[in-house]
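As you go down the protein sequences, you meet chains X and P in turn.
The C-terminal position of the first sequence is numbered 900 in the working numbering, with every residue numbered one higher than the one before it.
The C-terminal position of the second sequence is numbered 626 in the working numbering, with every residue numbered one higher than the one before it.
Hints in this document: simulated from the structure, not taken from any laboratory.
Think of the CB as a built atom: it goes at the ideal place given N, C-alpha and C, for glycine as much as any other residue.
Just to be clear, a hint being listed does not mean it is correct.
Pulled from the structure, derived: some chain P residues nowhere near chain X, Cβ distances all over 10 Å [stated by the list, open to error]:
#1 Gly-151
#2 Val-210
#3 Asn-267
#4 Cys-547
Which stretches of chain X does chain P cover? Using the computed rule of at least three CB atoms under 8 Å from a CB of chain P, they are [to be verified]:
#5 795–804
#6 811–824
#7 869–883
#8 892–899
Okay, derived cross-link-like pairs now, SDA-like style, lysine to any residue, Cα gap no bigger than 20 Å in a straight line [what the hints assert, rightly or not]:
#9 Lys-476(P) <-> Lys-803(X)
#10 Lys-410(P) <-> Thr-544(P)
#11 Lys-410(P) <-> Leu-866(X)
#12 Lys-264(P) <-> Lys-803(X)
#13 Lys-803(X) <-> Arg-160(P)
#14 Lys-803(X) <-> Asn-158(P)
#15 Lys-803(X) <-> Gly-151(P)
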Amino acid sequence: MSADNQLTRTQRDDLRTVAAMIVPASDEYKVPGADDPAIQADMLATLGRDTKLVAAALDHLARLAGQPLAELDAAKRDAVAQEFRSSGGTAAATLVRVVLQCYYRDDQVLRSLGLELRAPFPKGYVLPDGDWSLLDPVRARGGALRRAP
Amino acid sequence: MKDPVDVLIIGAGASGAAVAWSLAETKMHILCLEQGGWMNPAEYPSTGRDWEAKFYGEWSSSPNVRGRPEDYPINDDNSPIKVVNYNAVGGSTVMYTAHWPRLHPSDFKVKTLDGVADDWPIDYDALTPFFEENDRMMGTSGLSGDPVSPLTHPPMPQQPLGLSGAILGKAMNKLGWHWWPSDTTVATMDYEGRARCINLGHCTPACAQGAKSSTDITYWPHAVRAGVELRTHCRVREITTDENGMASGVVYYDKDGIEQFQPAHVVIIACNGVGTPRLLLNSASARFPNGLANSSGLVGKNLMFHPYAQIYGYVKEPTDSNRAPPTCLWSKEWYDTDLSRGFVRGYGVQFVRGAGPVFEAVVSEQKGILPWGEDHHRVFRKLNGHRLGFSAICEDLPEEHNCVTLDPVLKDNHGIPAPKINYTISENSQKMMDHALARGREVLETAGATDICINSPIPWGGWHLLGTARMGTDPKRSVVNEWGRTHDVKNLFIVDGSVFVTSGGVNPTSTIQAIALYVADQMKQRLANLFD
């Protein structure tokens, strides 16, 4: 049993590989991939109640690949990934969700999206009041509440 | 043996809080038993960077996913719509969108007007003063004067239109369709000790600011100050009866899991459309072998959910994303019956401002519009912060085969049989949903949206739990009478969504609470002969 929330070394390796397949690094957008060590560490540290399903998904992935995912050539890896996503059910969906929820709270990623690195509370956000004259046509059309006997 | 209380209320959510507060002025000894505890806003999701991830676990709207000790499991395998709720002081008002329409006057006369379902034994006018009182207590915001909705007088101004509201309003104007800023229970100014909304994000899973009204911060402080006793972490197993067929009290498990008996002169159930029939069915006895107050056989029957038909898309302009309360506008364009549409009755629409980045990524990947690999980043930037949504709340008509029963195997952590849901979407509802999706597509395309996606029904959309202990004057066709007292047990009352005769096409909490206040008022007027 691994100390990292019960994922084995092989499972962790495959998690890193599949995470990079979902979200690769990009020079254009100046963002890391989901295999970035900090993002991977976040995933492993916060797996919690998702551990069992993620482990099941990784086992399914390993069965489809027949060997460590990273050792497959690109075409075979893509084929395995497609089969994994279509046949993996709730476990596969959970794994993908874990990857994405950790990726899209990473500081570098949020900066790249122009989002602030903070919790919503206590600062909140400002919302424009908007142009309420947009309601004028609705008022002009009027209407009536359906009568009840 | 505990001393009997005058009134024992089961459930401290929307209706339990309202009825407790209203009855407090009688100075009777009132006790409320609640299976959950008091909430701690410092622990609400919006206080942390991982706020979105929490929605998939401990803050899921589904009790089956959440699995807190305060929750009970629900077998909803036989339903395309899954039950969502929250169990705590405040109940599901802790976890709701705060959208605040009321049933329309015509909703109480469905049989007379449209020849389907049944009329209610009460009308809108009977509830009007209680709607008004409830709006003051809950603290509503909105714009008075919607020409096609019941007249309301929100004590606070409406929410800002924001970026999303403006785009949607323009599109609706191009199509010549009705829209209006929604009444909500989000405080837009400081109100009765609550701070104004600062747009923390999607406020459905509780508001750390306290701007969203939930009964733990509205009714309950007043009720407790007025002398109502609220006992938390107490789960009621059954209501007991005496030799005269009157409710004698309840058996419950206290915070330590110890079985207790609490005698009471009057019992009021406020557990909503799944919890209430579960409790009545679990209270079967030799005298009431089919469950308590169930001589009609209708306890648990006629479950109405409001199937949600949701459609959304992405515009080029930025939208409000998660930086605002989720709902901002409603439309009643398709609320009333028009048989040329191919179905009877209608639906309300709530427009949705957008989504946060994690939710956007997860859902878009599942929908197949956000790819894996190199193109992921380009597509995500096109989607994130550009979503607009249209959700139709379709009126479900009562059908007896849609029901809550007891699961023969599944039990909660106290060993109490869990509820089981059997539910199918009717042909009428399906036609209504299809109609709504077509209209929603028109609105979104008029707004310039692309990549349009559909959730119909929203699978985790069983927020509204109605009809399973319906109100009526005929004991053979209803469970409670026109003022909330069960036909079979003269000191047993029900005040929650289970008493709804029909569901309308709007979020029901405003009407549920108005009914609770109305029943409390009826009880106060009849105190001298309450059991006659």
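Now for the hints, and whether the structure bears them out:
Against chain X, the non-interface label of Gly-151(P) is violated: not every CB pair exceeds 10 Å, the least being about 6 Å. Taking the minimum C-beta to C-beta distance to chain X, about 15 Å, the non-interface status of Val-210(P) holds against the 10 Å cut. In this structure Asn-267(P) is not separated from chain X by more than 10 Å, as the shortest Cβ-Cβ distance comes to only about 5 Å. No beta-carbon of chain X is positioned within 10 Å of the beta-carbon of Cys-547(P); the least distance is around 16 Å.
With a cut-off of 8 Å between beta carbons, the region 795–804 of chain X has 4 residues touching chain P; three or more are needed, and the interface restraint holds. Chain P is given as covering the region 811–824 of chain X, and this is violated because 0 residues of the stretch bring a CB closer than 8 Å to a CB of that chain, at least three being needed. With 15 residues having a Cβ less than 8 Å from any Cβ of chain P, the region 869–883 of chain X passes the three-residue criterion, so the hint holds. Figure legend: the region 892–899 of chain X, annotated as covered by chain P; annotation consistent (8 residues with Cβ-Cβ distances under 8 Å, at least 3 required).
Restraint check for Lys-476(P) and Lys-803(X): not satisfied, since their Cα atoms lie roughly 33 Å apart, outside the 20 Å limit. Distance hint between Lys-410(P) and Thr-544(P) is fulfilled; the C-alpha atoms sit about 9 Å from each other, no more than 20 Å. With a CA separation close to 18 Å, the supplied pair Lys-410(P) and Leu-866(X) stays within the 20 Å bound. For the given pair, Lys-264(P) sits about 48 Å from Lys-803(X) by alpha-carbon distance, which is inconsistent with the 20 Å threshold.
As the CA atoms of Lys-803(X) and Arg-160(P) are separated by approximately 16 Å, the hinted pair is consistent with the 20 Å bound. Restraint check for Lys-803(X) and Asn-158(P): satisfied, since their Cα atoms lie roughly 16 Å apart, inside the 20 Å limit. A C-alpha spacing of about 14 Å is found between Lys-803(X) and Gly-151(P), which places the hinted pair at or below 20 Å, so the restraint holds.
Figure legend: structure checked against the earlier numbered hints; hints not met, in rising order: 1, 3, 6, 9, 12.
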